Structure formats: structure tokens, C-alpha cells
Amino acid sequence: MNAKRPSFVACAVRALSPTTMIAIAAVTFLVVSVLEQADVAHRARDINRQLEVVRAQIAAETALIEQVAAGDKGGQLQVAGVHVGVAWQRDLCTVYVTGASGETVLASRQLPGGAPSVFSHARAATDAATLAEIGGKLCEAPDNWPELDLSAIASAPRVTESLGFRRDPEIALRHLASGSDRPDYVWSSNRVDLAKYQSGGLLIVPGNLWLEDREHALTLNLAKDLVVIIEGNLHLLRSLHVRGRGRLLLATDTADAGVVFADIDGSGGWTTGDRLHRGAAFAGQVEGSGNVYLGLPGAGGTLACDAGILVGGELHVAVRADVRGPLLLRFGCTFLSGEHLEAPALTAPLAATASRLPGRSARRRQWVFGVGRDPVPGFLVTGKPRPSRLEFRSR
Amino acid sequence: MKISCERLLYRSATLSALAVMGGLATWLHVRVGETREVLARRQCQVHAVHELHRACELGLRPDKGQLEAAAVLFPGMQLRCAAIGDALYLTFATHGSGANRNVLSMNAR
Chain A
1 MNAKRPSFVA
11 CAVRALSPTT
21 MIAIAAVTFL
31 VVSVLEQADV
41 AHRARDINRQ
51 LEVVRAQIAA
61 ETALIEQVAA
71 GDKGGQLQVA
81 GVHVGVAWQR
91 DLCTVYVTGA
101 SGETVLASRQ
111 LPGGAPSVFS
121 HARAATDAAT
131 LAEIGGKLCE
141 APDNWPELDL
151 SAIASAPRVT
161 ESLGFRRDPE
171 IALRHLASGS
181 DRPDYVWSSN
191 RVDLAKYQSG
201 GLLIVPGNLW
211 LEDREHALTL
221 NLAKDLVVII
231 EGNLHLLRSL
241 HVRGRGRLLL
251 ATDTADAGVV
261 FADIDGSGGW
271 TTGDRLHRGA
281 AFAGQVEGSG
291 NVYLGLPGAG
301 GTLACDAGIL
311 VGGELHVAVR
321 ADVRGPLLLR
331 FGCTFLSGEH
341 LEAPALTAPL
351 AATASRLPGR
361 SARRRQWVFG
371 VGRDPVPGFL
381 VTGKPRPSRL
391 EFRSR
Chain B
1 MKISCERLLY
11 RSATLSALAV
21 MGGLATWLHV
31 RVGETREVLA
41 RRQCQVHAVH
51 ELHRACELGL
61 RPDKGQLEAA
71 AVLFPGMQLR
81 CAAIGDALYL
91 TFATHGSGAN
101 RNVLSMNAR
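Protein chains in written order, with the working numbering: chain A, 1 to 395; chain B, 1 to 109.
Next up, chain B with everything else stripped away, as it sits in the complex (with noise of 0.2 Å):
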């Protein structure tokens, strides 16, 4: 069967788009991959944020390392545990140097 030089390069051409298509569709398949595992990483520092926050209200203090850790979520920040009592809150550090040192700025009216 003989096959015109139009429907030659039709075919050439359709086959061409076909494989870019192809090409996006697995590119796109494994940055949604990478971008899944990087939101439930994410997800689960966000949980262990509030987990660590609900600890502090209840009273139970964290230790150093845990809030360093919940730290990764606010760069430049850092998180202290506040007291006043036995009562216990999760603030941003107010008085660090470098990064931390313009964290808070008041205007009291």
C-alpha cells in the first residue's frame, strides 16, 4: 500500500504530539508524587504543631527539641514555652538575636 507524503508527515507529526503528551503526562505524574510526599511530611509537622500546642495548654511542657522541631514550619522563628504559674503557652521566642529579634513590635493604644 502506498502512503502519501501528507499522510506521511500527519502521522509523523500526530505521533510526535502524542509522545509529548506522553512526556507531560508522566512528568506531571511524578512532580504530583514528589509534591504528595512533601505536603504529608508537611501535614505531619503541621499536626505535631497543634499537638504540641494542645500539650502546652493541658500543661504537659515540651522539651527542647520538640519545639526546635515545630520550629521548621516558621523560618527565622523560634518557639519557647511561656509560664505563668502552672499554666503553660506556645509563643514565638521575642527575644533572640539576629532573625528573631524584630518578631515583635507593639503599639500599645
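So that you can see chain A by itself, here it is in the shape it has in the complex (with noise of 0.2 Å):
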């Protein structure tokens, strides 16, 4: 007798008896448990080493405070329960912590001092109205301004072409009526990479600084802190883009000169009316010095400035602005508007935020510098040599 062959459907309902459903459920249960296992072993596996990483931070610290405090240069020390090594190289420490998990390398420099208080704040200025109008809440005493360290500048490298700098005699006249007297740069690429550039974090441009208007932001790729100190005006007439861990610093300065005045028609030089800042009367160059100018009068659109800027002399704002970094003044904050006689002054048109990085500062949220630890080149010092922040070589 031929017996009928079941069907697959048979065969499988038949299949999906109870016992074989709980022995599918009490596998796939036991299989994702032990997978959770795996999955929670890896995560506790990243969390010690985390834990080792900041032991290795502070075990670092400490034999840094202890170097600095014993006057010591290099050494084998035993802190908390890690090996630490350190190996000095000029003002370089280069610190080896051993720990369970391996080797971390950490690196710190020898401050002279530490930065300007002033560093530390997102807004500042010297006088209670010009803070006002920026939102900031340092109002710092002239006398406490960060002051220039001569000798670094004189020996700071100077802009070049390949850095995307190049000389233009004419941006000043195709600008201003009245041209200029000391030498104008333009910094004119669309896209500047400086990531491998080695200066000491500081950068000098002797004469005017040009951000000229185009369409496209100037963009640059920065691994490491910048400062630019500008010997002369800053013409900021288009956004400024700054990509990786870098941060730049615009930074005008006064110092050679010493005519510092509030440009009220924002013509680009002085004229009849404007308001002298320093001086009983008006002398050297036409455009004055240290002025910052965001825009030109008339010129509309918007900017947005990545780089902090510390202004020496006037701040003068033509269009709207929205600065990123910390914006620090010495004297005072002029709005401009397209008919500068007819027209009202801009309403707030200048957004001082230093929301760029503001992972930098947890409690803070903003941009601003650690001035125990963070150098700021270009601006003498004040207090004891410290080790800066501590930078991860390799973990």
C-alpha cells in the first residue's frame, strides 16, 4: 500500500509541537542573554579604559606638580598605583603612564606665566556702555589690558603666500576714500589649510588685514591655536570659517602709533568729526590703528566670524555680525549704518555668542580661554611658570 507522502506544511505545523516552540524560545533566549553578556563586557571593557585615561591624566598632574614643586627635570615615579615617567626636552615634558591597559602618552609645555586674565571671558570691554551693548560682563580697567610682549612679536614669523596672505597696494583705494597709508594683506583663498603649520601659535601681519567681500567665506582648516596680530586695521568684509580643533584670534594692535579713533562716518580714515580716543590732536596714518570694521557702510548681508577678536582700537560695525569667539574690547563699539547722516545706526546687529567649540567649556558653553593653562601668545605673562594643559600623544 502506498502510503501518502505529507505535505511541508504538515511536516512543519507538525514540527511546532510545544516542546520545540520552548526549546526555540529557551535558546534564542539563552542566545541573546549571552550576547547581552558579550555586549556588556565590551562596554565595561571601555569604561576601565576611560577610568585609565583619566587616571593617567592626573596621575600626569601630579608628577608635573611634584617636578615644578621638587624643582626636579625628569624622573621614574609610582603614583597611584601607576608607573609614570617623565622626560623633559627644552620646555616639552613628555609624560609615559603604564597602567593595566597599556601605555598613555601625555605631553605638556612650560608656561613662563599665565595669559591675561581678560582671555577668560567671552565679552569684555574697558568701559560699562560698550559692554552693554555687547552683553559681556568683564569690565576690565585699562590698566589690566592685555599688553603686547614685544619680543615675541619681533621674533613671530610674518605672513606669506603660502599661508594665502598676499600684499594688495590698491583693496584700500577700490574701499575707502582715503586709501591707506600703512601696507594692506589680503588674506584670499577660499580654502587655507594650516593644519600642518608650525609658528608658535603666533602670526603677525605688519600693515592692514583684508578679509575681502565675496561671495564665499574664507575657510580655514586649523589644528592648533592661532593668534594674528595685526599691526594696523582689520577689514572684515566676509565670513570667516575655522574647521577642526584650532582656535584663531584676531588681535589689533596700538602699540606702535598709539592714534586710536571712533571712525563716526566710516570712512576708513580719519575726517572731521570723528571721536579721538588717545591724543589731544589727530597724527600718523590716515586710518588710525587697531580699528576693527565688520562690514563696510552700505555694504548689507551678513557675517560670521569663527576667530575671536581682541580690538586695540575701535570696533565699527556695518553689518549684521555674529561673532563666535570672544570678543574683547579696549575702547569702544561703533555702529555704522548705510547713510551714516540719514539713516538710524543699526538696531543690535552685532551677535558677540563664542558658540564656536563650546564643548572647550563644559559649565560655560562658550569659547573662552583657560588663562592658567591655555597660552595665548603675542601678550605678556603675569605669575609663576605652570605646566600648560596636558595633550594626548597617544592612549
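Derived by calculation from the structure, the hints in this document are not laboratory data. Given the structure is predicted, the values throughout are model-derived calculations rather than measurements. Heads up, the beta-carbon is just placed ideally off N, CA and C, and yes, glycines get one too. None of the hints are false.
Partial chain A-side listing against chain B, Cβ under 8 Å, derived: (1) T19; (2) F29; (3) L30; (4) S33; (5) V34; (6) I47; (7) L51; (8) V54; (9) Q57; (10) I58; (11) E61; (12) G114; (13) S120; (14) G383; (15) K384; (16) R386.
Now that you have both chains on their own, put them together as the hints suggest.
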């Protein structure tokens, strides 16, 4: 007798007996639990590694402080159960921390002192009225304003074409009726890669600096902090974007001539009606020194600036601008309109948000310098020599 | 339907194995849940120490309670905030007593 062969569906239904289903569920549950266990083990390893890194940082700082206290330069230490090796090369200290999960290498520089305290604020000025205009909190006395380190500036590199700068004798005449007396430099490329640039963090512009009006923003790749000191005026006519971990500070210098004025009509040079900040009568270069212009009168549009700006002279705001780094004003702030004689000044055109790299300061949620341990090259320091912030070399 | 003794034995063994497997899986699941909670707490503590270290780097002095809370991660150790001028450093205490007495030993070259 030929028995009829059962269909595939019938076989499947027969196979899914309660016992089989329980077996499948139990095996699945077990496999999931084992996978969860593996995931937890992986996470535990990850957390332990993070803990090792924090322990290495604290052990390295302990060793650095002990070295400073004892006046030692190098050695082997045992700190909190980890082995710490310290090696100095000039002002660079390399710390090797060997823990349970391998070696972590950190580096710290010996700083000659602390940076001026004004750099620890996102917005600062020397008078209350200016401070109110930018919404800042620190009203710094003029005597405490950061002073330039002239010897550092004298030995610092000057701008070059390889960094995207070029000298342009005509740019001032194109934009300003009175032109300029100092040499004018333009930061001209659309993309400038400073990722591998080694300058000690300081660069000097021996004249006025222009970021000329263009459709596209100037984008910089910056791996390390860079201070650009401008021995003249800064004309920011296009947006400036900074990519990478580096922070850019643009600082205008008034040390040479000391002629500082508020350019009330926005002409870019001294004219009758402008307000002198320093000196009894105007003298020197027609464009003065240390002034910063955000846009030109009548230009319109908006600007975004990822750099911090230390204004040695007067800040002039002609377009809506968002400064996403610290904004520090030695003198006042003048708001310019398109038709300065008739039209009212722009209302609230300036936002100083210091919002770039907010993660740098977990509590303040703003980009500021940690002046105790962050170097700000080009400025005189105060206090004792100390180790800088630790940097990871490998972990 | 008559089930043979051998088949009955086989079935009960299978059910017992399944019960053990289920129990093991449940136990594992509970343990994993507990471990996850412990890890989450530890992750928070590590993050807190990391933030404390960054705050010190930026010149924000932590209070005693924060230092004590952070020291939980390093049994037998104490943390302190050392200062050089306005620069702050989060360090292990090197001049304590008891467990901290031998925190640091130095052999300068």
C-alpha cells in the first residue's frame, strides 16, 4: 500500500509542537542573554579604558606638580598604582603613564606664566556702556588690558603667500576714499590649510588685514590655536569659518603709533567729526591703528566670524555680524549705517555668542581661554611658570 | 496512545534540559540588567571625574564634595586641587595618611 507523503506545511505544523516551541524560545533567550553579556563585557572594558585615561591624566598632573615643587627635570614615579615616566626636552615635558591596559603618553609645555585674565571671558570691555552694547560681564580696567609681548612679536613669523596672504596696494583705494598709509594684506584664498602649520601659535600681519568681500566665506583648517596680530586695522568683509580643533584669535595692535579714533562716518580714515580716543590731536597714519570693521557702510548682508577678536582700537559694525569667539574691546563700539547722516544706526546688529567649540568649557558652554594653562602667544604673562594643559600623544 | 518508557524518559530529560536552559537564561538576563545598572553608574562617575579635570584645566576650582565624590573611583586615594597662581591641577593627594602615605614615590634620574 502506498502511503501518501505528508506535505511540507503538515511537517512544519507537526514540528511546531509545544515542546519544540519552548525549546526554540529557550535557546533564543539564552543566545540573546549571552550576546547581552558580551555587549556588557565590551562596555565594561570601554569604561575601564576611560577610567584608565582619566587616572593617567591625574597621575601625570600629580607628577608634573611634584616635579615643579621639587625642581626636578625628569624621573620615574609611582603614582596611585601606575608607573609614570617624565622626560623633558627644552620646555616640552612628555609623560609616559603605564597602567593596567597599556601606556598613555601625554605632553605638557612649560609656560612662562598665566595669560591675561581678560581672555577667560567671552565678552569684555573697559567701559560699562560698551559692555552693555555687547552684553558682556567683565568690565576690565584699562591698566589690566593685555599688553603685547614686543620681543615675541619681533621674533614671530610674518604672513606669507603660502599661508594664503598677499599684499594688495589697491584694495584700500577700492574701498576707502582716503586709502591707507600702511601696507595692506588680503587673506585671499577660499580655503587655507593651516593644519600642519608650525609657528609657535603666533603670526604677524605687518599692516592692515582685509578679508575681502566675496560670495564665499574664507574657510581655514586649523589643528592648533593660532593668534594673528595685525599691526594696523582689520577689515572683515566676508565670513570666516574655522574647521578643526584649533582656535583663531585676531588681535589688532595699537602699540606703534597710538593713534586711536572712532570712525564715526565709517570712511575708514580720519575725518573731521571722528572721535579721538588717545592724544590731543590726530597725527600719524590716516587710517589710525587697531580699528576693526565688520563690513563696510552700505554693504548690507551678514557676517559670521568663527575667530575671537581682540580689538585694540574701536570696533565698527556696519553689517549684521555674529562673532563666535571671544569679543574683547579696548575702546568703544560704533554702529554704522548705510547712509550714516540720514538713516538711524543698525539696531542690535552684533551678536557676540562665543558659540564655536562650546564643548571646550563644559560649565560655561562658551569658547573662552583657560588663562591659567592655555597659552595666548604674543601677550605678556603674569605669575609663576607652570605646566600647560595636557595633550594626548597616544593612548 | 501508549508511550514507551524509553520515549517518556527522553521527553522528561528534554523538558528538564529546557527548564535548566530557561533558568540559566533568566539568571543571565537578570545579571546583565544589574551589571548594566552598575556600568551606567560607573560611566557617570567616570564622566564626572573627566568633567572635573576639564573644569580644573579651565581654572574652575571644585569644592571638597566634588573631590570626594570623584575619589570613589580610586579606592584608597584622595584627590586634591593644586594651584600654581591661577592655574589649577587635579592631582592625587601625596601627603595624606594611611592608604595615601605611599601614593607617590620618586626616583629622580
